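Asks: Top to bottom, those sequences are chains A and B.
Numbering-wise (my numbering), the first sequence opens with residue 131 and increments by one.
Numbering-wise (my numbering), the second sequence opens with residue 131 and increments by one.
FYI, nobody ran anything at the bench for these hints, they're computed from the structure.
The structure presented is a predicted model; accordingly, all values stated were derived computationally and were not measured.
Anything over 10 Å on all C-beta distances counts as not near chain A; from chain B, calculated:
hint	residue
1	145
2	154
3	460
Here are the simulated DMTMM-like pairs of lysine to aspartate or glutamate, each with C-alpha atoms no more than 20 Å apart in a straight line:
hint	chain 1	residue 1	chain 2	residue 2
4	B	246	A	226
5	B	311	B	396
6	A	246	B	175
7	B	157	B	171
8	B	311	B	457
9	A	142	A	171
10	A	157	A	175
11	B	246	A	175
12	A	311	A	396
13	B	246	A	178
14	B	246	A	220
15	A	142	A	175
16	B	142	B	175
17	B	246	B	236
18	A	246	B	143
19	B	246	A	143
20	B	246	B	270
21	A	311	A	364
22	A	246	B	220
23	A	246	B	226
24	A	246	B	178
25	A	311	A	367
Cβ coordinates follow ideal geometry from the N, Cα and C atoms, glycine included.
2 protein chains.
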Amino acid sequence: MASRGIRPAGIKDVARLAGVSASTVSKALNGNGQLRETTRERIRDAAEQLGFTPDSRGRALASGRSFTVGLITTDSSGRFSIPIMLGAEDALTAGEMGLVLCDTRDDPLREQHYLKSLVSRRVDGIIVTGRRVEPRAPIDVPIPVVYAFSPSTDPSDTSVVVDDHAGAASTVRHLHTVGRKRIAHVTGPESHLSARIRAAATQEAASTTFAGQPLFGEWSERWGRLAVDVLLREHPEVDAITCGSDQIARGVCDRLRELGRSVPGDIAVTGYDNWSVMALASRPPLTTVDMELEELGRRTANLLLDAIAGSPHPGPLRLPTRLIPRESTLGT
Amino acid sequence: MASRGIRPAGIKDVARLAGVSASTVSKALNGNGQLRETTRERIRDAAEQLGFTPDSRGRALASGRSFTVGLITTDSSGRFSIPIMLGAEDALTAGEMGLVLCDTRDDPLREQHYLKSLVSRRVDGIIVTGRRVEPRAPIDVPIPVVYAFSPSTDPSDTSVVVDDHAGAASTVRHLHTVGRKRIAHVTGPESHLSARIRAAATQEAASTTFAGQPLFGEWSERWGRLAVDVLLREHPEVDAITCGSDQIARGVCDRLRELGRSVPGDIAVTGYDNWSVMALASRPPLTTVDMELEELGRRTANLLLDAIAGSPHPGPLRLPTRLIPRESTLGT
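Excised from the complex, chain A in its bound form (with noise of 0.2 Å):
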């Protein structure tokens, strides 16, 4: 078991099982100093013997950092700030950086109330994560910080976001070139940006080649079952439609199945996310956008890396999307 309660070994134990002064101690384990080696060697040993792990919070104290990096997130459902934050974490912990979790779950007291506890933390730095790709206020705090997938409104902040509107564009070139001539869109609510781009990119695009006008609804299985009723009644000559979540995509899907259309010998159908319980469950497998949002965390920590270096990055930094074909429009 974990020994519990027992002091963790300190500088003056090893001192004192070495037989030299705390200040020799520090100079060995340092490796500075004028030492003989075998002073240095003993010092050492009695340290590994004590398990005693240097104080890193006096290293933080003399060199006036923390070496700590504060994630602010309000998408306590996790969907798309999580893997922003895994990306941090990774790249973070290369630079010996700790990642402290904040989770505001929407609420402006507890974001308020957060950053004054970064700030009293001392942390470096502090990354801004959302669920939504809708800009938001920037924080005001005397540190760097910098914004991951909802970039700040003000154009000068560090934003790392998506690049929507080439993600849609690309599920479009792949579908012509595969052949298909009348391409649908089904996405989500229009209130929201993402969807909102998404529309328009698919339909510059698509160009001619488009049907009809986006089909606005909500992020559900339930609203691709019932886009496909809807859009076979006004454009029954769709060979292809592409939607703005996997989840839609995957609704699109088993309503076609239900109606006995093939996917995609009747109609290709192409998903947004990658989300695996989604993209992979569907029957066909979904050809879809990843937004890579692993990297996009890497990127962002990156960024705030340079900035509490010194060499911030000002302005906003769209990254690709990578589009992952499948069965949905290559067929088996």
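Use these hints to put chain B onto chain A, whose structure you have.
Replies: Coordinates of chain B only, in the frame set by chain A:
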């Protein structure tokens, strides 16, 4: 934009503006010392004007604590550890503690690296969690540790786990209540302890109403669909199918519908997990078992706070699950 690179106001700046000494500022802001109320107010005004926040690292060094807890998880996909983490974060925040995230990605070397780093940061305690309910080797650190979801193999360690036995039994009791008399069970791989526990508990609770043997397979919708065919061939008389996960149950419902069998009219179905994208999108929505993982995270954090305060609770703690009745057993 965030005012990058500006030095945060220090206690000396507040002292200068208020025309007092730094130690007087400290007394005033900590609410102790013999000070006139007017002086105290002047200092508070100065602190507010400068946006001064006390450096919590000072408090940390003085108290010998860092007011930080590490969370070690092996579960990079996050299905189970994310709600646990959010619950822990919620409980810790109330106690003004920060949660440092460490995702080991199932790599023992990475886990060792994190442990050293957390000890060197002088975190006050560590939460260890994972994606499997199999007991895991305890970690060896000189600070309090609590295990969540994946218990420690050492029975004297504090481990907070789900009572899966009671959870599975609750689905059978519910099915008996709604009059079902032939109950089958479809679940994940037999190599997974959670599958074996749930299968054994189901069989025991169903007793003479249990049909055949538990069907072990994989945690997927596809397996749920395939298992229906196996089951109906060998036990055409079943009137209820309990499943080891919502994904399996969703596959079971889909296949039954394709075969023209009504759920729950002909056959009632239960899931496990209350994973909303599966349980609610299923047709019909699933009666299922909620493991209450966010509450498990909160309890874990509170037990860790107790241990940090010197009152550990050694041994395992098994938390109850909650049955969520929906259309797949109740109809509409």
